[in-house]
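Novice: The primary structure of each chain is shown beneath.
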Amino acid sequence: MRRHRALVLLMVASVLLVLVMAASMGFGSVFIKPQALVSAVLRASDADAVNVTIVWDLRLPRTLLAALVGGALATAGAAFQGLFRNPLADPHVIGASSGAALGATLAISFGASAGALGFGPVPLCAFAGALATVAIVYVIAETGGGASVASLLLAGTALGAMLSAMVSFLLIWREQPWFHVFSWLLGGFSNRSWHHVQTALPWLLTGMGALWLMARPLDALLGGDDAARSLGLPIRAARLVLVAAAGLAVAAAVAVSGIIGFVGLIAPHIARWLVGAGHARLMPMSALLGAMLLVLADTFARTILSPGEIPVGIVTAALGGPFFLYLLKTRGRRLA
Amino acid sequence: MKAEKTPDPILEARNLACGYGKCEVLSGVNLDVQPGKVLALIGPNGAGKTTLLHTLGGLLPALGGDVRCEGVSLRGRHARATARTIALAPQRVTPSAWPLSVTEAVSLGRAPHRGWFMPLTHEDRQVIDASMARMGITSLAGRVLSTLSGGEARRVVLARALAQTPKILLLDEPATYLDIKYQAELISLVRTLAHEDGLAIVLTLHDLALVSLCADSVALVANGGLRMTGTVSEVLREDVLRPVYGENLEVLSHPKSGMPVVLPKIV
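These protein sequences, in sequence, are chains A and B.
Each residue of the first sequence is one higher than the last, beginning at 1341 in this note's numbering.
Each residue of the second sequence is one higher than the last, beginning at 308 in this note's numbering.
Derived by calculation from the structure, the hints in this document are not laboratory data.
Among these hints, one or two may not hold up.
Residues from chain A that face chain B, not an exhaustive set, calculated with beta carbons under 10 angstroms [stated by the list, open to error]:
(1) A1472
(2) D1559
(3) A1560
(4) G1563
(5) G1564
(6) A1568
(7) R1569
(8) G1572
(9) A1617
Just so you know, even glycine gets a beta-carbon here, dropped at the ideal spot from N, CA and C.
One chain only, chain A, in its complex shape:
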């Protein structure tokens, strides 16, 4: 019964995501009616050439990127909440985003110009910064005396604070890039193109796929390390795979979109309320909800002050926050 309910909910969420993405492509400085949108997406013979250009060159890659990033952040958030058995855990909890922020700030401040792996200079530095930070946090936490998830959490928080201090210092020291850095830190999808989708896609999918495969080990870890070990789970190896996969997904997401908060925190909570705590269903549901939320937030971010736009991170926190508080108040006992 529960299984079937979850399957139905997953299908409903998939259909909703497609509708939300379609709506997102319709809205903007030029409104495209549903019928025109469909023919533009299909490049039908009767499609308006301007619409085809708007849809294929501007809105489709942007919407796809928002959906992918939202899905990756939510999947990583669900994995971290399960790994740390902590409802406050989010994708940024082990320092990936602070590392990305420092990398990006350095690149912007010193005018880095070399890219690699398809990343431009700033995303490349952010990607590298995020991965390096996760690696350092992991090594410090796992080689310490009482290696546990708590040491990962603490090492991530401590290193995150250090890196944030460095970012602040750089911003004050080199005044000019202030606006550029700040808007990057708040996250957004303006001027994102197919290029960004192509660059991030393999990393995002690898990370999300690996996390989904780890669903059953995560279930075992919910019962505590002892219980998981007694089921024959090699705890350290499982932790390494989880941290590496989530770190990869978050690093790639942050590299192409900046630091977007909140989606990775609330999507897993809503998903858990819908399909339960078992990660085999929680992971895909979180990904679908995260994608939906971020596409909605991005649509809002680029239409509310049209033709200007605001960083999507402001929207996710400003709208996601009250929504989450409402859920917490009305269904708090089932969420936490």
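Position chain B against the provided structure of chain A, taking the given hints into account.
Specialist: Okay, now just chain B, sitting in the frame of chain A:
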């Protein structure tokens, strides 16, 4: 006694030292666990009963000496291989804020057999159903762990251990949180699993009143080692227990079975 041939132990500790990192809790432990028998580990709070149980189950690496399961050392053995033979029901039930459903929790017991990535087979489902039926939790299948009472949650943990279809069952304080009805059910289940299904069972008990009801032999853990191993009537004696637990206990003879029953003595 010598005339009766004792079967080979399925699990044995030889000069075993156990503890955490550099902190040794127990040393020089020699212990044989026989199939079809129930062994109770008793001892004061903090004596190291759980530490010993976890080392016997391969959850903690031995600091010295060796644990051998079916003649093979647990050292360097793959955790999953160990979990196919030895199941441990931990003391703490579920520290998680977002618990699984009862079925999901019990299903995890198949992971040592099926692996972490393969879907469960029809046979796995049958084992899961049978384990749940055996613990009387079939009607709880769809409930989530956080909504269960302490005793119900404890039975879920036991059902998961049974779903591992182990040869050796290690139970850490299985009677905790159980009211007297379920204590009685638990004790008869433990005896059935050992005496009829042939499992080797090791359990820790802090309630000495239950020891003679379920155990075939008793090991007394105290002062950094095994103080004594023997039958129930050899270990449950005032002159053995008082040096360890203090003077405020007395050993009575059960009016029906004649077995020793240890009770606190109120002065």
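Novice: Now tell me, hint by hint, if it's right for this structure.
Specialist: These are the hints, each one checked on the structure:
no.	hint	in the structure
1	A1472	29 angstroms, violated
2	D1559	6 angstroms, holds
3	A1560	5 angstroms, holds
4	G1563	6 angstroms, holds
5	G1564	5 angstroms, holds
6	A1568	9 angstroms, holds
7	R1569	5 angstroms, holds
8	G1572	3 angstroms, holds
9	A1617	4 angstroms, holds
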